[in-house]
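Enquirer: Chain A is already provided as a structure; the job is to place chain B on it using the hints.
Read top to bottom, the protein sequences are chains A and B.
1 is the number of the first residue of the first sequence in our numbering; add one for each residue after it.
1 is the number of the first residue of the second sequence in our numbering; add one for each residue after it.
Read the hints as simulated data drawn from the structure, not as lab findings.
Glycine residues also receive a C-beta, built at the ideal position from the N, C-alpha and C atoms.
A portion of the hints provided could be inaccurate.
Stated by the list, open to error - Pairwise CB distance ranges, derived in the manner of DEER restraints:
| # | chain 1 | residue 1 | chain 2 | residue 2 | range |
| --- | --- | --- | --- | --- | --- |
| 1 | A | Glu139 | B | Arg113 | 40 to 46 Å |
| 2 | B | Ser318 | A | Glu139 | 28 to 34 Å |
| 3 | A | Ile233 | B | Pro47 | 37 to 43 Å |
| 4 | A | Ile233 | B | Glu289 | 28 to 34 Å |
| 5 | A | Ser241 | B | Ala132 | 52 to 58 Å |
| 6 | B | Ala388 | A | Gly73 | 34 to 40 Å |
| 7 | A | Glu133 | B | Gly78 | 47 to 53 Å |
To be verified - Footprint (simulated), chain A over chain B, 3 or more residues, beta carbon under 8 Å:
| # | segment |
| --- | --- |
| 8 | 16 to 26 |
| 9 | 164 to 175 |
One-letter residues, chain by chain:
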Amino acid sequence: MRTLEAQLRALRGAGRKALVPYFVAGLTPDWVRHVEAAILAGADAVEIGIPFSDPMMDGVVIQEASLRSLNAGTTLDSLCTDLASLSTTAPLVAMTYYNIFHHYGLERAAGKLRTSGIGGAIVPDLSLEESGEWRRACEDQDVATVFLFAPSTDPERVRLLTGVTQGFAYASARMAVTGQAADIGDAQRVVETIRASSDIPAYVGIGIATPEMARAAAAVSDGVIVGSALVKIILDGAGASEVESFIASFRRALD
Amino acid sequence: MTEDSTFMSSPDERGRFGNFGGRFVPEALMPACLELEVAFRDAWADPLFIEEYERVLRDFAGRPTPVTPLDRLSERLGIRVFAKREDLAHTGSHKINNVIGQTLLTRRMGKHRVIAETGAGQHGVATATAAARLGLSCTVFMGEVDTQRQSLNVFRMELLGATVVPVLSGSRTLKDAVNEAMREWVTCVDDTHYCLGSVMGPHPFPWMVREMQSIIGREASRQLNDLGVGTPDLVVACVGGGSNAAGVFAGFADSTARLVGIEAAGGSAVGKGSPGVLHGMKSLLMQDEFGQIEEAHSISAGLDYPGIGPEHAHLAESGRAEYYAIGDEDVIDALKLLSELEGIIPALETAHAVAWIVKEAGTLIPLGSTVLLNLSGRGDKDVAQVRAILRGEA
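Looking at chain A on its own, in the form it has when it is part of the complex:
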């Protein structure tokens, strides 16, 4: 079993709902301090968003944050260098679009993630059918390949996807790109279809905007991913202490 998955299963074994915040790497010069603040406030794992010029699955908040980060010169190498200064440990999972890894070289990219302490990767535009080469590259480096499950995914595809997803299953709460929503949509149904074919931890993301929504999503799953709502406050100028209290409010809702 991948290291990431063992860590996340242990978390569930301990009766804890996972809280996974998403950061856009390089959005601010002190972005690694934000990651540390989140971990101190009770984040169990952290998604590291690697900015891409054409984030097809992202709404306006992450589009804007990606653009700012790219304009600041962020690259896969630069963010990995930044991560060397991370003083707090928690499982890290990269999230980016396939062209970044494809261009870097799949084996080289997987190796870079591993040596930078990143134990998993989410590539939303890499379909199951096209994922073979990437999964082989990650296998060699103990990098877990995390797949998304959508409300539109039928039970047969869910079965295929649970056969390849590692670390956790990313359950999309809704048919939408990233961004804050008003409710947890189809989260329960998507998680139930995953659980019908696998006992891998299932986390809910896409649209989780408030501690109340996080609590509702966690009640039907093993954890939640909080992206745009967090990135929004950083875009609006939040520093490490605001990030810490933001994450703490979600932690309280989950415990």
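Expert: Leaving out everything else, chain B in the frame of chain A:
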């Protein structure tokens, strides 16, 4: 409809043309792509569907479009040039062929709304037209930059009952319009078909759009035979995503004709690009050393795209087709030349192909050659922009 072809056959089961193509989309869109492939295969094998598609193209869109000998241009250049007149098709370009097919397919799938991206506005106008004809709801995404340089086309789409959404992200051109259409499609895939305008995107789009445009090449091949010309030495077409080129090439892929695609110098995916993944496909893309997609820059909104359809990437890699680039500066001269010599004002996109023929007659095109130019669209949409350029205002 597909006849066995050595060079432009059906893609493999993963949607690959050689090393390119495939289906790189979020899981949320995978079921829709799979459903579309099944529906297209079924429709395209159904004689009743084909009969309706061809009948609508005839009775509504004005097909077949003629092939016109360009006598004065030919005399000037020392070669024989024939034009396939897609500019005479309804809505002013080849785009109508694809949207008639896709809107009929939309109805057949039981969906009642289409969304589309557009660059120059030609595909948007064509989609709005075909949607109006079938009573489908229509939303078109268009980069804000393009809504400004093609404001008349925005108004045309609105007259046709479509909603035009200006796209404010990224470079605010065609690439960003595709991103935004994909984002929208995720939210409404149950009742909405994404009417993609070129031979790009995830499988089955590159194949399906080429098939729906291949009527250009099949007609032209027959018409040149009827004119006693036979197989031309070259078939030349402009290439953004590459739908008009794919359509005309399809009629000549297994002939001896050289197939030549002309990109805009500022949007030259074959000339300046490298393999990458964008908009659901693996193809040649203009990108920086980190894999970030570069912004294309062209005088013509329709060629302002940093990628190219995957089948073109394959035709380039296999050597079956040749691709060259033409800069903005040659395009206006070519547009004026064709207007003055032949009485045809071509679209700025098409003028790239004209410019290459003018430039290479006697060099890459041996004197005495027979050339088929795919005259993909008319220039009415561009005259305000061209006037501004010629007056030094742009």
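Enquirer: Indicate, hint by hint, whether the structure satisfies it.
Expert: Hint by hint, here is what the structure shows:
1. Roughly 42 Å separates the CB atoms of Glu139 of chain A and Arg113 of chain B, a value that falls within the hinted 40 to 46 Å.
2. The given range of 28 to 34 Å is respected by Ser318 of chain B and Glu139 of chain A, whose C-beta atoms sit roughly 32 Å from each other.
3. Separated by about 59 Å at the C-beta atoms, Ile233 of chain A and Pro47 of chain B break the suggested range of 37 to 43 Å.
4. For Ile233 of chain A paired with Glu289 of chain B, a C-beta distance near 32 Å keeps the hint of 28 to 34 Å intact.
5. Against the hinted window of 52 to 58 Å, the Cβ-Cβ separation of Ser241 of chain A and Ala132 of chain B comes to about 56 Å, which satisfies the hint.
6. Separated by about 36 Å at the C-beta atoms, Ala388 of chain B and Gly73 of chain A satisfy the suggested range of 34 to 40 Å.
7. Separated by about 51 Å at the C-beta atoms, Glu133 of chain A and Gly78 of chain B satisfy the suggested range of 47 to 53 Å.
8. With a threshold of 8 Å between beta carbons, the proposed coverage of the segment 16 to 26 of chain B by chain A holds, since 5 of its residues qualify and at least three are required.
9. Counting residues of the segment 164 to 175 of chain B whose CB falls under 8 Å from any CB of chain A gives 3; the rule of at least 3 is met.
Violated hint: 3 only; the structure is consistent with all others.
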